[in-house]
Amino acid sequence: MGRGYRAGATDHCYGPRSQQELGRHQGEVMECTTTADEVYGPRNARLGRRAVDGNIWSGTTMIFRIIDDRVYSMHEQYLGRLKYGMAMTDRGELIFMVR
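Going by our numbering, the first residue of the sequence shown is number 8, and it counts up by one from there.
Note that these hints are calculated values from the structure, not bench results. A quick note: this is a predicted structure, and the numbers were derived from the prediction, not measured. For each residue, glycine too, the CB sits at the ideal point set by N, CA and C. There may be inaccurate statements among the hints.
[What the hints assert, rightly or not] If you anchor each label on the Cβ, the simulated ranges turn out as follows:
no.: 1; residue 1: Asp60; residue 2: Arg88; range: 13 to 23 Å
no.: 2; residue 1: Thr67; residue 2: Arg98; range: 13 to 23 Å
no.: 3; residue 1: Thr67; residue 2: Gly99; range: 25 to 35 Å
no.: 4; residue 1: Ser65; residue 2: Met93; range: 27 to 37 Å
no.: 5; residue 1: Ser65; residue 2: Gly92; range: 27 to 37 Å
no.: 6; residue 1: Gly48; residue 2: Tyr85; range: 26 to 36 Å
no.: 7; residue 1: Tyr79; residue 2: Tyr47; range: 28 to 38 Å
[Claimed, not checked] Here are the simulated DMTMM-like pairs of lysine to aspartate or glutamate, each with C-alpha atoms no more than 25 Å apart in a straight line:
no.: 8; residue 1: Lys90; residue 2: Asp44
no.: 9; residue 1: Lys90; residue 2: Glu100
no.: 10; residue 1: Lys90; residue 2: Asp76
no.: 11; residue 1: Lys90; residue 2: Asp75
no.: 12; residue 1: Lys90; residue 2: Glu45
no.: 13; residue 1: Lys90; residue 2: Asp60
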């Protein structure tokens, strides 16, 4: 217990949040999802990783946020759309690729 969510963590778990819930749900399996896609910019520059929450992290710093198919900067500004693993501006310029 007492372990918080680490910024940029690539795992997301659903489970009991308190000792009372732990007692009620004893014996149940905790559901965890682990996914991390590598994110590359133009000229194959490695930018970071995409976590299951839809955010793209470079170390412990969030650099992009993906909501539905829209891509936003770390400052919540709209940048473009994510389609087929490629984030592109509305003018057709590559922002990043997810592999």
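Hint check:
no. : hint                      : result
1   : Asp60 x Arg88: 13 to 23 Å : holds, 19 Å
2   : Thr67 x Arg98: 13 to 23 Å : violated, 31 Å
3   : Thr67 x Gly99: 25 to 35 Å : holds, 32 Å
4   : Ser65 x Met93: 27 to 37 Å : violated, 18 Å
5   : Ser65 x Gly92: 27 to 37 Å : violated, 18 Å
6   : Gly48 x Tyr85: 26 to 36 Å : violated, 18 Å
7   : Tyr79 x Tyr47: 28 to 38 Å : violated, 19 Å
8   : Lys90 x Asp44             : holds, 15 Å
9   : Lys90 x Glu100            : holds, 13 Å
10  : Lys90 x Asp76             : holds, 7 Å
11  : Lys90 x Asp75             : holds, 10 Å
12  : Lys90 x Glu45             : holds, 16 Å
13  : Lys90 x Asp60             : holds, 18 Å
In the structure shown, a violation is registered for the earlier hints numbered 2, 4, 5, 6 and 7, in ascending order.
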